[in-house]
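Since chain A is already given, all that's left is putting chain F on it; use the hints.
If you read the sequences in order, they're chains A and F. Convert by adding 122 to the 1-based position in the first sequence; the result is the number in the numbering used here. Convert by adding 122 to the 1-based position in the second sequence; the result is the number in the numbering used here.
Nothing false has been slipped in among the hints.
For identical chains, the list gives no copy identity; a pair is met inside one copy or between any two copies.
Think about it this way: if two alpha-carbon atoms lie no more than 20 Å apart in a straight line, the pair counts; the simulated EDC-like pairs of lysine to aspartate or glutamate are:
1. LYS151 x ASP256
2. LYS151 x GLU211
3. LYS160 x ASP239
4. LYS180 x ASP220
Honestly, the hints are just simulated from the structure, not real lab data. These figures come from a predicted structure and were not determined experimentally.
2 protein chains.
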Amino acid sequence: MASSQDCKEVLQPLTQQRQLRKRNGGIVKRIASVIGMKPENRAEYERLHGDVWPDVLKRIYDSNIRNYSIYRYGELLFAYMEYIGSDFEADMAAMAADPVTQKWWEICMPLQSPVSDRAEGEWWADIAEVFHTD
Amino acid sequence: MASSQDCKEVLQPLTQQRQLRKRNGGIVKRIASVIGMKPENRAEYERLHGDVWPDVLKRIYDSNIRNYSIYRYGELLFAYMEYIGSDFEADMAAMAADPVTQKWWEICMPLQSPVSDRAEGEWWADIAEVFHTD
Numbered sequence: 123m124a125s126s127q128d129c130k131e132v133l134q135p136l137t138q139q140r141q142l143r144k145r146n147g148g149i150v151k152r153i154a155s156v157i158g159m160k161p162e163n164r165a166e167y168e169r170l171h172g173d174v175w176p177d178v179l180k181r182i183y184d185s186n187i188r189n190y191s192i193y194r195y196g197e198l199l200f201a202y203m204e205y206i207g208s209d210f211e212a213d214m215a216a217m218a219a220d221p222v223t224q225k226w227w228e229i230c231m232p233l234q235s236p237v238s239d240r241a242e243g244e245w246w247a248d249i250a251e252v253f254h255t256d
Numbered sequence: 123m124a125s126s127q128d129c130k131e132v133l134q135p136l137t138q139q140r141q142l143r144k145r146n147g148g149i150v151k152r153i154a155s156v157i158g159m160k161p162e163n164r165a166e167y168e169r170l171h172g173d174v175w176p177d178v179l180k181r182i183y184d185s186n187i188r189n190y191s192i193y194r195y196g197e198l199l200f201a202y203m204e205y206i207g208s209d210f211e212a213d214m215a216a217m218a219a220d221p222v223t224q225k226w227w228e229i230c231m232p233l234q235s236p237v238s239d240r241a242e243g244e245w246w247a248d249i250a251e252v253f254h255t256d
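Chain A with its partners taken away, still in its complex shape (with noise of 0.2 Å):
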């Protein structure tokens, strides 16, 4: 099971300094990283996905994060997402203090399998930006 410090961890990627980009007169954070998932976690983790707890998805909304998708590769997962808000670490500080959260974690981090070159303290690893237009 997850704990808090495992919480914390999956946040800690998405503290990173971004390139920041305007859309609707507001400043956007790009958000990208992967994280691997066994073949045999696939089914349940794609089951799980496709049906996300409401209240897991209003506290994303809540915490000022847009336009998050997910996608799979193979044995990789690729998080894509905006960050809307103008305190990210308090934002995901809310988060992770969300019981129904932690609750949801709890349940799908057994599933992930962080990549081995992840940076210290990095669940779902951060990857770099190659090129970006709008």
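This is chain F only, laid out in the frame that chain A set:
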């Protein structure tokens, strides 16, 4: 050098049907794909993509592609983009017919190594969306 057939192959994965989503009242089609890149080509690829030719960017925009990012994880490139037009095949054909875009592809494609498990006719390999929330 890339042939016109190669260029068609670049575009083919983008024509597949994907989930639709509303943004600003319009239909947005999210597209994600992967391609390999050998370490010896990384510096040149990233140099090129840090300063993409303006006419290439204009052609992307005119073909109704928005919010287009490429990320790198090890020897894998991950592309995310959004299509806001109403005739994807025509917009991609216009891109493929553009002489500057063709020249750009001639430079970039030899730096890429398509993944071996891509579908027939793909250059960038389409990847499956597991999750999305707005």
